[in-house]
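Protein chains in written order, with our numbering: chain A, 1 to 381; chain B, 382 to 750.
Treat the hints with care, as some may be off.
[Said to hold, decoys possible] Partial list, computed: chain A residues near chain B (C-beta under 10 Å):
id	residue
1	I148
2	H274
3	F275
4	A333
[Claimed, not checked] Covered stretches of chain A (in silico footprint by chain B; criterion: 3 or more residues with CB under 8 Å from a CB of chain B, positions within the stretch not fixed):
id	stretch
5	152-160
6	299-310
7	320-327
8	337-344
I should point out that these hints are in silico values taken from the structure, not numbers from a laboratory.
We put the beta carbon where it would ideally sit given N, CA and C, even for glycine.
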Amino acid sequence: MKPDRLITPLAFAAVTAAIIIMPAERSRDFDSVISFLVTFGTSVAIFSLLVLGLNVQWGYTGIFNFGVMAFFLVGAFTAAIITKGPAETEFVQYVGGFGEDLNLIPFLDSDQWLPFLVGILGAAVFCGVLAFLVSIPALRLREDYLAIVTIGIAELLRRVAIEESGLVNGTRGLPGIPRPLGDLVAPGDYKFVIFGIAVVILILVFIAVERGIRSPWGRVLRAVREDEMTTAASGKNVFAFKAQGFVLGAVVMGIGGAIFSYQRGAISPENFNHFFGTFIFWAMLIVGGSGNNKGAILGAYVVWGFWRITILLQAYDLPVFLETRIFFIRDFAIGALIVGFLLLRPKGLLPEVRRVSIWVDRLRRSMPAEAESADPHAPAG
Amino acid sequence: MSVFAGRLTDALATAQDRFRGVGDQLILAALWLFFLVFGTWAILTETDAFAVGVVTGSILALGAIGLTLIYGILKFAHFAHGDSMMLAAYVAFFALTGKVVGERTDVELPWSLNDLPGATSSIPWPGEGEFSFGYGLLLALLVAVVAAVALFILLDRLVYRPLRRRGSGIVIFAIAFLGIALAMRSLMLMLWGASPRLYVPGIRPTTDLPFDVRIVTDQIFIFFAALVLAALLYLLLFRTKLGKAMRAMSDNPDLALVAGINTEQVVTWTWAIGGALVAAAGVMLALQAQLKPELGFVLLLPLFAATILGGIGSPQGAFLGGMIVGITQEVAVAQDLLDISPGYKFSVAFVILILILLLRPRGLFGVKT
Numbered sequence: 001m002k003p004d005r006l007i008t009p010l011a012f013a014a015v016t017a018a019i020i021i022m023p024a025e026r027s028r029d030f031d032s033v034i035s036f037l038v039t040f041g042t043s044v045a046i047f048s049l050l051v052l053g054l055n056v057q058w059g060y061t062g063i064f065n066f067g068v069m070a071f072f073l074v075g076a077f078t079a080a081i082i083t084k085g086p087a088e089t090e091f092v093q094y095v096g097g098f099g100e101d102l103n104l105i106p107f108l109d110s111d112q113w114l115p116f117l118v119g120i121l122g123a124a125v126f127c128g129v130l131a132f133l134v135s136i137p138a139l140r141l142r143e144d145y146l147a148i149v150t151i152g153i154a155e156l157l158r159r160v161a162i163e164e165s166g167l168v169n170g171t172r173g174l175p176g177i178p179r180p181l182g183d184l185v186a187p188g189d190y191k192f193v194i195f196g197i198a199v200v201i202l203i204l205v206f207i208a209v210e211r212g213i214r215s216p217w218g219r220v221l222r223a224v225r226e227d228e229m230t231t232a233a234s235g236k237n238v239f240a241f242k243a244q245g246f247v248l249g250a251v252v253m254g255i256g257g258a259i260f261s262y263q264r265g266a267i268s269p270e271n272f273n274h275f276f277g278t279f280i281f282w283a284m285l286i287v288g289g290s291g292n293n294k295g296a297i298l299g300a301y302v303v304w305g306f307w308r309i310t311i312l313l314q315a316y317d318l319p320v321f322l323e324t325r326i327f328f329i330r331d332f333a334i335g336a337l338i339v340g341f342l343l344l345r346p347k348g349l350l351p352e353v354r355r356v357s358i359w360v361d362r363l364r365r366s367m368p369a370e371a372e373s374a375d376p377h378a379p380a381g
Numbered sequence: 382m383s384v385f386a387g388r389l390t391d392a393l394a395t396a397q398d399r400f401r402g403v404g405d406q407l408i409l410a411a412l413w414l415f416f417l418v419f420g421t422w423a424i425l426t427e428t429d430a431f432a433v434g435v436v437t438g439s440i441l442a443l444g445a446i447g448l449t450l451i452y453g454i455l456k457f458a459h460f461a462h463g464d465s466m467m468l469a470a471y472v473a474f475f476a477l478t479g480k481v482v483g484e485r486t487d488v489e490l491p492w493s494l495n496d497l498p499g500a501t502s503s504i505p506w507p508g509e510g511e512f513s514f515g516y517g518l519l520l521a522l523l524v525a526v527v528a529a530v531a532l533f534i535l536l537d538r539l540v541y542r543p544l545r546r547r548g549s550g551i552v553i554f555a556i557a558f559l560g561i562a563l564a565m566r567s568l569m570l571m572l573w574g575a576s577p578r579l580y581v582p583g584i585r586p587t588t589d590l591p592f593d594v595r596i597v598t599d600q601i602f603i604f605f606a607a608l609v610l611a612a613l614l615y616l617l618l619f620r621t622k623l624g625k626a627m628r629a630m631s632d633n634p635d636l637a638l639v640a641g642i643n644t645e646q647v648v649t650w651t652w653a654i655g656g657a658l659v660a661a662a663g664v665m666l667a668l669q670a671q672l673k674p675e676l677g678f679v680l681l682l683p684l685f686a687a688t689i690l691g692g693i694g695s696p697q698g699a700f701l702g703g704m705i706v707g708i709t710q711e712v713a714v715a716q717d718l719l720d721i722s723p724g725y726k727f728s729v730a731f732v733i734l735i736l737i738l739l740l741r742p743r744g745l746f747g748v749k750t
């Protein structure tokens, strides 16, 4: 094994060891370590969804979205206001509040899951529609203009959430978002339920995205990414495919946002900023490897692991000088990580596996001699 | 018959081209007319907001002048521009006061520019009144310029040159700028904390202008700084050999290289001048408002709006674009016709950006590409 190939397993092992050993050493209690790991896993699954969405947009379609926060925020707030009960007091004002009306089936405990399903669907649909509306003017723009426009949309939506206090309760935020399947287990065990929900949805979305990307449709997306002119010359409607990639990515981000709001139980516009809502997902994608869905998930794991480790470090007796600055040092390191990966390992921890079609793969497998000589990382064609 | 059809298509295509050209001119004329009418209306009805807008506009113009240079010559959307401005402003703060956050509270260096004899005594304004700062701030600005130039050249050597050699697209650069912006922001927080800082504490002297407008004297300084720097950059680009080389490189880097222009040197010069402009803009911004690490990234929207509105690569466009965006922002949240909350200030810039991208992407002074 080349030393270069060791980086990925080493990064994975280092993060895994740290997030197990550090809480274990601090608490010396099995249950609290498990609790920490489960909460950590839930966050990784949620952020993986957002990075997967970004991967569809940037990794596969080549659309430069610097406004991930827009869809993260819209997904989270849409799910929250669909699931919550109606606004009652004058201090808590928001639109929606259909949670209790969604108890449509009188059996199967439908109040425990139906509103949340509708919330996730609503978040997905809302983000999809938003992405479609944005794509009409924005996707015709040059890449750098598109980046600025997406930053602007994210900032505008965040301002709307803050300023229009009747929409999602302004800066006071939305507390008391109900928990899916929350009444079925003891509150102390709920973390396992939300972990399960997040992981199941991540697996479903992962399979759906993989299938889409491997289909002829996904091949056109990648062709658009590589060369729009040639794709257009082959008779494909480049704009339509870009819009579809953009909308699909936004839908996945919206689902991530919805589960984020269910996990948190309370969200406010303050939770979403350009750093936490956009930069960190880019860092995850660049570190993991854009154009590889497994890489996107690995990136979310490694970067979020790094994030949590810095929080755990606070428990140790650090010099005051470091202790007061540890989060800024972490942010600096994440910025440096982005630049470092671009320079030294531009393909990320798990580089994209170039493939033309599953049929070409099968053909290669049926010809053993050629298959062995073919480097899976070499660009196809 | 087919000859006739061919001629018809040709004629149609020509007509379409002409129509497009005319339409382009019409849009440009309409934009100018709109800005003139809006400006006149704003002066007459919202005089105070207009004056504030001119000051905001000066700051944006200062930032946009540097941005337009980097964007125009190197073709990068420099997303670290706002954060570089703030970082340079903090360097000036450090040179001026010697303050940096220690373990928990500020520690002060034994010597800083403020300790120079008479460095803090206010410079008088020739008209009436005085500025809030003494010559110490001007020296601090010089330190910030040197630091920003050094930082930009260093970043070019360490990060952008390897990426350039690899033939990376503008998107890879944009992601790199994002990482650098993040690193800069955290560096500011690490060294100077999150609480706002001021160059000169206390109430700032004001001065009276005609038409009952009363402004802080420093704002006159900021306005003229923007005007002078825009003029200097115009002279540099259009009246010097270096400027000619820069514009040649902006048009076609390969052709410029073949013509014997040392393009790497031009890139270094561009970053150096860009760094000096960034430092000037950052210090003026901090003089007008406060030093705050968060300000850098949000500032990108009005900065890009001003740059694109003026036309990328055009100093006079950046100046005018900054003014238009600044005035529109302030007047939009001050007027009574539409109820716009002050929180939407930056979103106003975004709306201008969208409109200009849809109507005339090359801006008021931009060249057709």
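Results for each hint:
no., hint, verdict
1, I148, "holds, 5 Å"
2, H274, "holds, 6 Å"
3, F275, "holds, 7 Å"
4, A333, "holds, 8 Å"
5, 152-160, "holds (count 5)"
6, 299-310, "violated (count 0)"
7, 320-327, "holds (count 4)"
8, 337-344, "holds (count 5)"
In this structure, only the earlier hint numbered 6 is contradicted, and the remaining ones agree with it.
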